[in-house]
Each structure stands twice: as C-alpha cells, then as structure tokens.
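> For reference, the chains in residue letters:
2 protein chains.
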Amino acid sequence: RAFRSDRASRDGRSPACAASQLEPIGPFLAQAPRTLVIDHHATRDPIGTREGDLRYFDESAGATALIVFEWLRACGAEIDRELATALYVGIATDSGWFRFSNTDVRMMQAATDLVGLGVDPNAVYNAIYQQDSHAKLRLIARMLENLEVLGDGKLAVMQLRPEDFRATGADDSMTADLINEATRLAGTEATLMITQESDDIIRVNFRSKSSLDVSQLARRFGGGGHARAAGARLHGKWDYVVPRVIDETLAAL
Amino acid sequence: RAFRSDRASRDGRSPACAASQLEPIGPFLAQAPRTLVIDHHATRDPIGTREGDLRYFDESAGATALIVFEWLRACGAEIDRELATALYVGIATDSGWFRFSNTDVRMMQAATDLVGLGVDPNAVYNAIYQQDSHAKLRLIARMLENLEVLGDGKLAVMQLRPEDFRATGADDSMTADLINEATRLAGTEATLMITQESDDIIRVNFRSKSSLDVSQLARRFGGGGHARAAGARLHGKWDYVVPRVIDETLAAL
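Those protein sequence lines, which keep their order, are chains A and B.
Residue numbering for the first sequence follows the numbering used here, starting at 1 and increasing by one per position.
Residue numbering for the second sequence follows the numbering used here, starting at 1 and increasing by one per position.
In isolation and in its complexed conformation, chain A is listed as follows (with noise of 0.2 Å):
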C-alpha cells in the first residue's frame, strides 16, 4: 500500500483496496516468498494470506503512511530527510494536503514531526502540486466555463469529452483531481465529473462534502469507493448514460 499510486487515489479512480491498485508491481509481488501488507483501508483483497505472510491494518490511519512512520519511530529506525520527505507525501496527498476528513491530531502530529525531521512543506508542495501545463489550466478553463448546477445548487456537473481535449491540447493524464476544482462551490453537496474516453466508455467522479455516500450511487454503476470520493467507468453511449448518471444522482441527493 506504500507503494500505491497517489494519483490513482486522489483522482478516485480506483480508491478501494486492491491488488489492481499495485500495477505494475503486482506480479513482481505475486512471485515474493512472503509479503507484509500495511494498510489504513478496509480490505477484503485476498492479498498477503499466504502462509508466512504478514498482514498490519490500521483503519483509524488517515494513512497508511502515517503507520509506517509510527512503526519505524516504534522501531527507533533513523529517518532521514529523503525517507521523512516520503512520508510527507504518502500523508500530505491521503489527507488533500490536511484539509480532508481524515486530517486528525495523529495526522498532524506526524507531519510536524516529519517537518522537524527536515521536511520543506512548501518545496513538497510545490513539487506536487505546481507542476501542471499550461494545457491543463486551458482544460480547467473549458470545465469551468461549462459547469453545470443543478439540484437547487446542491449538484455541480463537469463535463469533459473528447473535443475539449482537442482544443486545448490536454490529454486524459491531466484530468487527476480536477473535480476538485468544484468542490469549492458554496451550498454544493455533490460534484459530478464526467469524461467521455472513447465513443462508448465513461467515467464518472463523484464526490460529495459531508452527508451523501458517494460510494453507494459509484456501486449502481458497477464502481466503487468510499463515502466522500468514488468513481464508476460506464459502458455506453454519452447521450444515454450521462442524463441517467445526473438523474440519479439528483434524486439520492
């Protein structure tokens, strides 16, 4: 889980637990001889039961980084920068940057220790989060441009299909964590982005601040998640799924 990829989780492509989360290490681990497994979610991947293997679950982690550090600390291991540095972004990117529901005291303690163990929170910062082209901001201007509200403001939809692509010369790599880019609208609960990736697949983000399970409506749709972050591929045609994906979303609202 250490090694899991942080922009899978934060775009909430593939948020649950799984061994198709360690691509393109799963089959380097499936040759191990044993395997320990860390873990902050709850998992029912058959991963890490083999004989002799090694299981360590921490739901109450707002990171499974945040357990590494804890256990290396436990073991009196000698961290140094480049390792804090690590951890930094393991819990910094599982926690939004400490501004998601899972930034607790036990989160922020750990980051300030980390911190003192040298970590420089604005270059961290700005390596992962000031590195994008000027492509993509052209493609959050044509998102924007086109949101939607709907629901009594409750619900925003983005939309992005293949010409908005097109036009500003971003590619599908850049559409990680743009739905956040809506979640700071006033009086939404729900935000929807949905992107066209070829004439009859879909994919669908949801997210939502503090009551709906976005995780349940992901799962109507053959996806997953969690509460607050999920995602769903759909198979068909946009003019047929994206008002059905809408619709049922505004009536769970």
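A portion of the hints provided could be inaccurate.
If chains are identical, the list can't say which one is meant, so a pair holds when it fits in one copy or spans any two.
[Claimed, not checked] Restricting the straight-line Cα-Cα distance to at most 25 Å, the calculated cross-link-like pairs of lysine to any residue (SDA-like) are: (1) Lys237 - Arg220; (2) Lys209 - Leu117; (3) Lys209 - Tyr125; (4) Lys154 - Ala123; (5) Lys209 - Glu70.
What the hints contain is simulated information worked out from the structure, not anything from laboratory work.
From a predicted model like this one, the values you see are computed outputs, not experimental measurements.
Got chain A sorted already, so can you dock chain B onto it with the hints?
For chain B alone, coordinates are given in the frame of chain A:
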C-alpha cells in the same frame, strides 16, 4: 494585527504591516487609552508607541495567531474550541494552508495542538475555501482561458478587464486569491494578475515562487509587499500601463 483582514493579507493588496490595514477599527484603536501591538511583520508604523503602549514583535513566527497561541499557553489560559478555531484560521490562512515557505515545525506544532483542542480542519477548510459562487468560477474560467505564458515560460500573466466581470456576473470582491490559480503552472517563477478597476486605475498583484523579489518590483510602481507576494495600484491607461509592468517584470526575471 490579530484583527487584520485575512482577505487583505491573502490577496497581497496590503501586505505590509500598517495602521491602514486595520480599517474599519483604525479610528477606534487611535482613541484607545492604551494599545498592545502583537505582530510577526517587521513594522515601522508608529502604532503602539505612545506612553503606556506595549509592542510584542516576533518576526520568526509564521503568523501572528501563532504568537497569540503560544502566549495564551504560556499564561495557562483556557483555550476552548471556538478560540482554538479562530487561532487555527489565523495560522492556516497566513501559511496558505500550510504550503507557503513560512510553514515550519513551530507552526505545524501549534496547528497540531489546536486540532487536539477540538479544531476540525475539514470544517475550517470548507468554511474558508469552499464558499465560492458560480460567478467566481466563471471568472476563473475566463481568466485561465486568457492566461499568457511569457519569458520562456517563466512568467504567467492573467488579466481581468471590466468586460470579464460583466460577462461572468462576478465582482471585484471575488478576485482575492485568484492569482494563486496560475502559481500551479510548472516552470513559472513569477505570476502577474492585472485587474482593471476603472478607466485609469489598474491593480497589479505579483507572486514569485523562489528567487524573484516582487516587493522591489511593486515598489517601482508605488506599491509594496513581501518578497514572494506584493501588489501595486497604478494610475494610467491600460494600453500604456500593462506593457510597462510586463516588460519590467520580464527584465527582472
């Protein structure tokens, strides 16, 4: 200083410590029999220098709220959840939510302690940063759409003209913090946000990431500020003022 408008601080319009920042309570303060000044800026205003006044400055503190918090703790004062939240807001906004270069272990420890006293970081973030109007998002869309990257990618320039406000339904109160939208661009060192306030008043906000001292640039145009965040308000026609500001910034890079 604890009463300073966070908006004024964040948008870089009035970054120097000055009595003028204390509007509308300035006149009230001037009448007070004694004044206590607590500040983390290097200040030259004569505020707090009368007989009986007290001044407590600590330029090593990332936020004035940090000084107040440490002081209250040293006094053994009881800090309830409401007070802790107010102090957290001061620390979080002055550090750009723990991402600016003033974020150090001392500030992180204070934030951690405040979370321990009952602050809900997710709720505070939502209350401060997730209250934007749809009009503001349309304004951001238009601004990003017109963003220019100059100087071999080192300078990002965003412009807001009266027609942008008219077309989006936005107003000038929504421009606070907007300059940060472009700091996410990879490779840029400096960002300018140029806002036409009227026929012959043009506001320029400057940001830099690491090396350029934008306070010097702002001073050339009658403004001021910090090395990384500064601002100026220029009198003159758009077509004369804007190229001059851009040229001088490019020359400084």
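> Go through the copies and call it for Lys209 and Leu117: within, between, both or neither, with a Cα cutoff of 25 Å.
between (33 Å within a copy, 23 Å between copies)
> How would you classify Lys237 and Arg220 at a CA-CA limit of 25 Å: within, between, both, or neither?
For Lys237 and Arg220, the Cα distance is within 25 Å only inside one copy (17 Å; across copies 57 Å).
> At most 25 Å between alpha carbons: which applies to Lys209 and Glu70, within, between, both or neither?
neither (29 Å within a copy, 33 Å between copies)
> Given a CA cutoff of 25 Å, do Lys154 and Ala123 count as a within-copy pair, a between-copy pair, both, or neither?
between (36 Å within a copy, 18 Å between copies)
> Using 25 Å as the alpha-carbon threshold, which applies to Lys209 and Tyr125: within, between, both, or neither?
both (23 Å within a copy, 11 Å between copies)
The structure fails to meet hint 5 from the earlier list, while all remaining hints are met.
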